[in-house]
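Residue strings, one per chain:
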Amino acid sequence: DVKVTQSSRYLVKRTGEKVFLECVQDMDHENMFWYRQDPGLGLRLIYFSYDVKMKEKGDIPEGYSVSREKKERFSLILESASTNQTSMYLCASSFLAGDSSYEQYFGPGTRLTVT
Amino acid sequence: AQSVSQHNHHVILSEAASLELGCNYSYGGTVNLFWYVQYPGQHLQLLLKYFSGDPLVKGIKGFEAEFIKSKFSFNLRKPSVQWSDTAEYFCAVNRRNYGQNFVFGPGTRLSVLP
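Heads up: the sequence lines are chains Y and A, in that order. Numbered according to our numbering, the first sequence terminates at residue 115, and the numbering increases by one at each position without gaps. Numbered according to our numbering, the second sequence terminates at residue 114, and the numbering increases by one at each position without gaps.
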């Protein structure tokens, strides 16, 4: 059974703080993702990584950075948290499930509140 | 730009009613299609997926979805909902051969009244 775990379920930070969100997957998946989930907007991709030390920007990378030093771990960093980054953050990993077809598994999410 | 739309923001049904949640996407080419469910306080779980073959796919918990290529649609159905189906449902599309670009719809909240 695939497990994607996230370091915190709930986090409260102050404006301007540096925030680290950690994600670990135990299935040796190549690809990992960070999304934010907001009501009425669905999931929006922040960054994804297709290999160690490799990353690509998603749709909304501004204000975020990522780090992937080990295959199983993908970190999302908010360099200077702002109130508009209050959201639910979801980590996912994916694997090749068929011919050029990938399937994602999601972690439980981290609800971040920036005050 | 790629987009995925879901017809309803919030659907309210009584137990035993039939369910159909609409999903449309805006671009051509070969696609993989997914429906995810998020129960209150839980993580996103895959309900069902379509990669190829029979356009009518069956998923977990009695859900099914039909891919209609000509309508760019992938609607989710269940003949008789239960109170435990109360959740948020997300449609997602991934373009085959375009890598890891999964695009999600805005979600439909389903409330089932006992």
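Keep in mind the hints are simulated off the structure, nothing from the lab. All C-beta atoms, glycine included, are put in the ideal place defined by N, C-alpha and C. Take the hints with a grain of salt, since some may be wrong.
[To be verified] Under 8 Å between C-beta atoms, here's a sample of chain Y residues computed to sit facing chain A:
{"id": "1", "residue": "Gly42"}
{"id": "2", "residue": "Tyr50"}
{"id": "3", "residue": "Ser94"}
{"id": "4", "residue": "Ser101"}
[To be verified] Here are the simulated EDC-like cross-link-like pairs (lysine to aspartate or glutamate), alpha carbons at most 20 Å apart as the crow flies:
{"id": "5", "chain 1": "A", "residue 1": "Lys58", "chain 2": "Y", "residue 2": "Glu22"}
{"id": "6", "chain 1": "Y", "residue 1": "Lys53", "chain 2": "Y", "residue 2": "Asp38"}
{"id": "7", "chain 1": "Y", "residue 1": "Lys53", "chain 2": "Y", "residue 2": "Asp99"}
{"id": "8", "chain 1": "Y", "residue 1": "Lys53", "chain 2": "Y", "residue 2": "Glu17"}
{"id": "9", "chain 1": "A", "residue 1": "Lys69", "chain 2": "Y", "residue 2": "Asp26"}
[As the list claims (entries may be wrong)] Below, a sample of chain Y positions facing chain A; criterion: calculated Cβ distance under 10 Å:
{"id": "10", "residue": "Phe20"}
{"id": "11", "residue": "Leu43"}
{"id": "12", "residue": "Val52"}
{"id": "13", "residue": "Gly58"}
{"id": "14", "residue": "Pro61"}
{"id": "15", "residue": "Tyr64"}
{"id": "16", "residue": "Leu90"}
{"id": "17", "residue": "Val114"}
Evaluated hints:
The beta carbon of Gly42/Y comes within 4 Å of a beta carbon in chain A, closer than 8 Å, and the hint placing it at the interface holds. The beta carbon of Tyr50/Y is positioned within 8 Å of a beta carbon in chain A (closest approach about 7 Å), and the interface hint is therefore held. The beta carbon of Ser94/Y comes within 6 Å of a beta carbon in chain A, closer than 8 Å, and the hint placing it at the interface holds. Satisfaction of the interface hint for Ser101/Y is found here, the shortest Cβ-Cβ separation to chain A being roughly 5 Å, below the 8 Å cut-off.
For the proposed pair Lys58/A and Glu22/Y, the alpha carbon gap of about 34 Å is over 20 Å, so the pair is violated. About 28 Å separates the Cα atoms of Lys53/Y and Asp38/Y, which puts this hinted pair outside 20 Å; it is violated. Between Lys53/Y and Asp99/Y the alpha-carbon distance is near 26 Å, which puts this suggested pair outside the 20 Å criterion. Restraint check for Lys53/Y and Glu17/Y: the C-alpha separation of about 24 Å exceeds 20 Å, so the hint is violated.
For the hint linking Lys69/A to Asp26/Y, the alpha-carbon distance of about 36 Å lies beyond 20 Å, and the restraint is violated. Annotation: Phe20/Y was flagged as interfacial toward chain A, and the flag is violated, the nearest CB pair being 20 Å apart, outside 10 Å. The closest approach between the C-beta of Leu43/Y and any C-beta of chain A is roughly 4 Å, which is under the 10 Å cut-off, so the hint is satisfied. Interface restraint check: Val52/Y against chain A, minimum CB-CB distance 16 Å, threshold 10 Å, status violated.
About 9 Å separates the beta-carbon of Gly58/Y from the nearest beta-carbon of chain A, less than 10 Å, and the hint is met. With 10 Å as the threshold, the beta carbon of Pro61/Y stays out of range of chain A, its nearest partner Cβ sitting at about 14 Å, so the hint is violated. With 10 Å as the threshold, the beta carbon of Tyr64/Y stays out of range of chain A, its nearest partner Cβ sitting at about 17 Å, so the hint is violated. Contact between Leu90/Y and chain A, as hinted, is supported at the beta carbon level, the nearest pair being about 7 Å apart and thus within 10 Å.
At a threshold of 10 Å, the smallest CB-CB gap from Val114/Y to chain A is about 21 Å, leaving the interface hint violated.
Checked against the numbered hints above, the structure breaks hints 5, 6, 7, 8, 9, 10, 12, 14, 15 and 17 and satisfies the rest.
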